[in-house]
Amino acid sequence: MIKADTSQDGPISLAEVRCWGLAVAGCAYWGNVIRTGWNPDAPLLLQIMESITGNGAFGVGAWILIAVLALKSVPSGPAPGGMFLATIATSLPAILPSEQTAMLSLLALGGLWLRSAGIQADRAIALLLFALAGTIFWTSSYLLPLHAAVGLFDARVVQALLQLHGVAAGGYANIVANESGHESLEILAQCASSFPLSDVCLAFIVTILFLGRFPCRRDRGWLIASLLASIVLTEVRLLWMALSQSNYLWVHDGGGRVLYSLAAVILATLFPFLAARVGRLSHD
Amino acid sequence: MTTCHLVRATFLVLMGLIVSTQFVRIRATALPAVSDTLEQDLRMLGLNGHPADIPQPLAVSGPKCEQPLLLTTINFDGAGSAIAYDLLRLPGTARFIYLGFVGRTPNPGQIAVRWVAGTALYVLGMREGSAPRQVLLVLIPQSCSHLEQLDWAVLSPWD
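The listed protein sequences correspond, in order, to chains P and B.
Residue numbers for the first sequence follow our numbering, beginning at 2 and rising by one.
Residue numbers for the second sequence follow our numbering, beginning at 8 and rising by one.
Next up, chain P with everything else stripped away, as it sits in the complex (with noise of 0.2 Å):
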């Protein structure tokens, strides 16, 4: 058994094996990343940079958080040689290369912060390391035929609405057919309003812990708030592309893209923040 104490230069402390286990943790986790959204064609530098950024801001700000976090949370005190190898097992899963690896070392490493938990801190990273995990499954390929059985709702929500817009609209499975356009569109897994949901409650844990709380039992109905506002966002984006092939271009690989992403950034941190400035007035 390896006995955390040296004869040269000290033991090796509490913090930096908790530290360590973080740090290869998020080499698993950016790997994945990097990995899932390869493209050969472009270099080195920019694939990574495009990864990252496209993997969305909450995943960057949860990081970020977390190391936040662990600088403030330093336990004294020299590592016992059990949290030493129960961090490295927490590890082991995510040298398979695969997302369910690194989401089951991401729930490994969690409770083992939780377990050891001292303060507020560490709670929070485990929080985010759970919600780090569950971003993972819930947008991974196993989760896709059910995202697509959402998605078959969605086409049905989106013909409803194209009728009440005025315009003949028909459709069956996950196609919406614009009878007037004469355009149909396809709603796949990814497109459906049950994908950003996970995203949508990663970034309700960052932005509530960046204002300096720790989500509790109140916020509940802020978060189905904020997951319902992402589910109409959805609906309206998916019909604006089912009014024009015009619209549908400018939504889908357009500057519309652009304008989606920014109102469902803003949506998403809206609520959590009206969670915190509510929560912090019924206090006072």
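Hints in this document: simulated from the structure, not taken from any laboratory.
For each residue, glycine too, the CB sits at the ideal point set by N, CA and C.
Any given hint might turn out to be false.
[What the hints assert, rightly or not] Residues from chain P that face chain B, not an exhaustive set, calculated with beta carbons under 8 Å:
(1) Ile89
(2) Ser99
(3) Leu145
(4) Ala149
[Said to hold, decoys possible] Derived, one-sided and incomplete: chain P residues facing chain B with beta-carbon distance under 7 Å:
(5) Ile13
(6) Ser92
(7) Ile96
(8) Leu97
(9) Gly152
(10) Asn175
(11) Ile176
(12) Ala190
Based on these hints, arrange chain B on the given structure of chain P.
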């Protein structure tokens, strides 16, 4: 070397391993598509068709069958499901094929088990290719019922 150095070296080796296995996997990221080997697989069943049009319905000619068989793929993300929906409204017998599974209806349990098992074995390095993310659908015309007995699993075998 002190224990302290050994601990740090262990974490660095772990990080190096994680980064290198990710980059090794990048080369094998491309998911196998059913259509990659479809033409060859169809010939094994005595059928002729060119898979250039997948996921549009592919017309395949079979022995002693005047009407063409229709083939399409349904992706797990929903792509192609509208075409499949159209096909299933035509008269004929359907065959859903996925990693050795062949059924008249798309049995979600069977497909999910094979998908998860195929992916897990691939991640563990015990399987050469990852599990495909599409189910193959074949519509056999009513007048060609003798083709229902073919070993359709050949089009998406487990091995």
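Status of each hint after checking the structure:
1. Ile89: holds, 7 Å
2. Ser99: holds, 4 Å
3. Leu145: For Leu145/P, the interface hint holds, since the closest Cβ of chain B sits about 4 Å away, which is under 8 Å.
4. Ala149: holds, 4 Å
5. Ile13: holds, 5 Å
6. Ser92: The hint holds - Ser92/P has a Cβ within 7 Å of chain B, the shortest such distance being about 5 Å.
7. Ile96: Holds, because the Cβ-Cβ distance from Ile96/P to chain B comes to roughly 5 Å (cut-off 7 Å).
8. Leu97: Holds. Min distance 5 Å.
9. Gly152: holds, 5 Å
10. Asn175: Holds, about 5 Å.
11. Ile176: It holds, given that the least Cβ distance between Ile176/P and chain B is near 4 Å, below 7 Å.
12. Ala190: holds, 4 Å
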